[in-house]
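Chains as they are written, first to last, in full-length UniProt numbering: chain A, 1 to 178; chain B, 1 to 178; chain C, 1 to 178; chain D, 1 to 178.
In silico DSS-like cross-links for lysine-lysine, where the CA-CA straight-line distance does not exceed 30 Å:
#1 A:K159 to A:K138
#2 D:K138 to A:K138
#3 B:K138 to C:K138
If you are wondering where the hints come from, they were derived from the structure by calculation, not from laboratory data.
Number of protein chains: 4
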Amino acid sequence: MEHVIAEWESQERAVRARLRPAGAPPPTMSLAALSGLQVLEAIFAGDWPPPAMGDTLDFLPIRVEPGLAVFQGRPSPRHYNPMGTVHGGWFATLLDSAVGCAVHSTLPAGSAYTTLEIKVNIVRPLTDAVPLVRAEGKVVHTGRQVGTAEGRIVGPDGKLYAHATTTCLIFESSPRAR
Amino acid sequence: MEHVIAEWESQERAVRARLRPAGAPPPTMSLAALSGLQVLEAIFAGDWPPPAMGDTLDFLPIRVEPGLAVFQGRPSPRHYNPMGTVHGGWFATLLDSAVGCAVHSTLPAGSAYTTLEIKVNIVRPLTDAVPLVRAEGKVVHTGRQVGTAEGRIVGPDGKLYAHATTTCLIFESSPRAR
Amino acid sequence: MEHVIAEWESQERAVRARLRPAGAPPPTMSLAALSGLQVLEAIFAGDWPPPAMGDTLDFLPIRVEPGLAVFQGRPSPRHYNPMGTVHGGWFATLLDSAVGCAVHSTLPAGSAYTTLEIKVNIVRPLTDAVPLVRAEGKVVHTGRQVGTAEGRIVGPDGKLYAHATTTCLIFESSPRAR
Amino acid sequence: MEHVIAEWESQERAVRARLRPAGAPPPTMSLAALSGLQVLEAIFAGDWPPPAMGDTLDFLPIRVEPGLAVFQGRPSPRHYNPMGTVHGGWFATLLDSAVGCAVHSTLPAGSAYTTLEIKVNIVRPLTDAVPLVRAEGKVVHTGRQVGTAEGRIVGPDGKLYAHATTTCLIFESSPRAR
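This is chain A alone, in the form it adopts within the complex (with noise of 0.2 Å):
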């Protein structure tokens, strides 16, 4: 497990290494002529800003491909419950970012995709002993319409935290087409 953590924290730092810094001006480039995947590739190459949710709950993209994506994070008192464990808003954020990225992929240009539902399993409590998580989401379905996916948080020694199904409407995003 030792051996996976380093990968992990290496794997991150490299990305924030390239990602865009968080006090950066915004952006001059256009987003319009993009795919889903070139979106999420301008964002892993610092020429567009990662999500603000991401700094402020401590996760981050670490890999897209098509009809994959996967983020990392780490658990922090700053994001429990009551109980003393990670809240399950901080699971189901991960597992959003993850399931609606992997839908992201998919897109040409022209398309853009809006979370309709995320339903979220929680099968077992996390708290900061656990130095990093991974959320992976799969795409299962892409039509015209409708993408749904899924998702799995897990840790370095693999064991599953939270697993999770989305449903995604996708629509035209260039002016011309609505």
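Given the structure of chain A, go ahead and fit chains B, C and D onto it with the hints provided.
This is chains B, C and D only, laid out in the frame that chain A set:
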């Protein structure tokens, strides 16, 4: 709507004035002999700290009655996804708090609960153009081992932003009972 | 409770007397120019056949209003799982009918819908010791492209057996609009 | 695809030849000392009746292994909704059977389960133009008190029609244990 916002802000100030401050020493009281409602009332009385996640994501409990819990949150760019609207995880966090506390409020002393799953529908995007929203959770069913609840996030004008249902496992928390 | 059962059975007989019989010739009318509510009223008027699944699983529509739909079903050993209680799928079928029709009842002529997902909570086992149950569906949100609804199955004594929420996709059904 | 259909029909005939016929006398064996897998094997061996709901809705179990259950169903106009496609409740019934049995197959003697909730995504309409479909359920997590599983309905050509996740409560079924 201005009137509602003023009232919600006033109620929030009143609650904050009583809540245990973030830096306060850990409480010495024990929760073991308290019912769920008494635990929640101890938070409102400043005898027990509110959830850390509330500070992190700008929300707090406003009101708890048997079978009902209301939380209030302040949408902010810190909660945004890359599309420039509030992240689905923020909705999920407020709703998870509201429906979980609604179930908690029905439990006798010696009982505890954990969230097995929550499903969240997002029906409208939210930005910080809406200064405050409320998440109201209500119990649907409680049995000996399982409780279910539903919740809604609404704005000061009554607009619905998201809704949820949850399934909670109820178990005996007292040491001798296990 | 006897009073309620008698009333529910009387209402069922009144509905059955008007429904199009299973062996009737296919209707010649077209649904294209009808609103959702008018389609549902055509079923109650015997101008359009009720769903075949209702005959197969012993349930039928009892009442539809804008945003509301009530179905009534008769639990039977034919619906049992191996544990000797009503199969979860029977609950899901009645609830899917109720919440889907609730959304349908809000649609103008030229619009149609399809169910994207439904989540069903089962909170109490059911056997044919309960002669009749009702599934009541209510719209929670309707937009241009998406509708959500919630539903509950209750017995004649008001006991809750199951509850559900659904997400429906709304689309234009008229040929020229596609 | 013809080859797959022939194989699925052949497997169905083989299972039907061993299943306890609908009119057979009630079995005299007791299930109390059997593990979940042994109960499911008793159904395949004709020692215990299959679920009545399977006869009512034209589906049956095809294969069960630890953590996995496969059901096969035959879409028919008897399962249609008013739109002329298979009712969402038919999908839910097959998926509930598959995911529930997947959890059941992992339980030791003296344990039983009940379905707390199931969420079903329907991603493609189905008619009797598809002669057979399969619902495959797989366990995601099992603990002492809770099990979760996921399932998919696919056609003979591998097309996905629906998918689901479930949460089950596990409890001791032996009288002295309660």
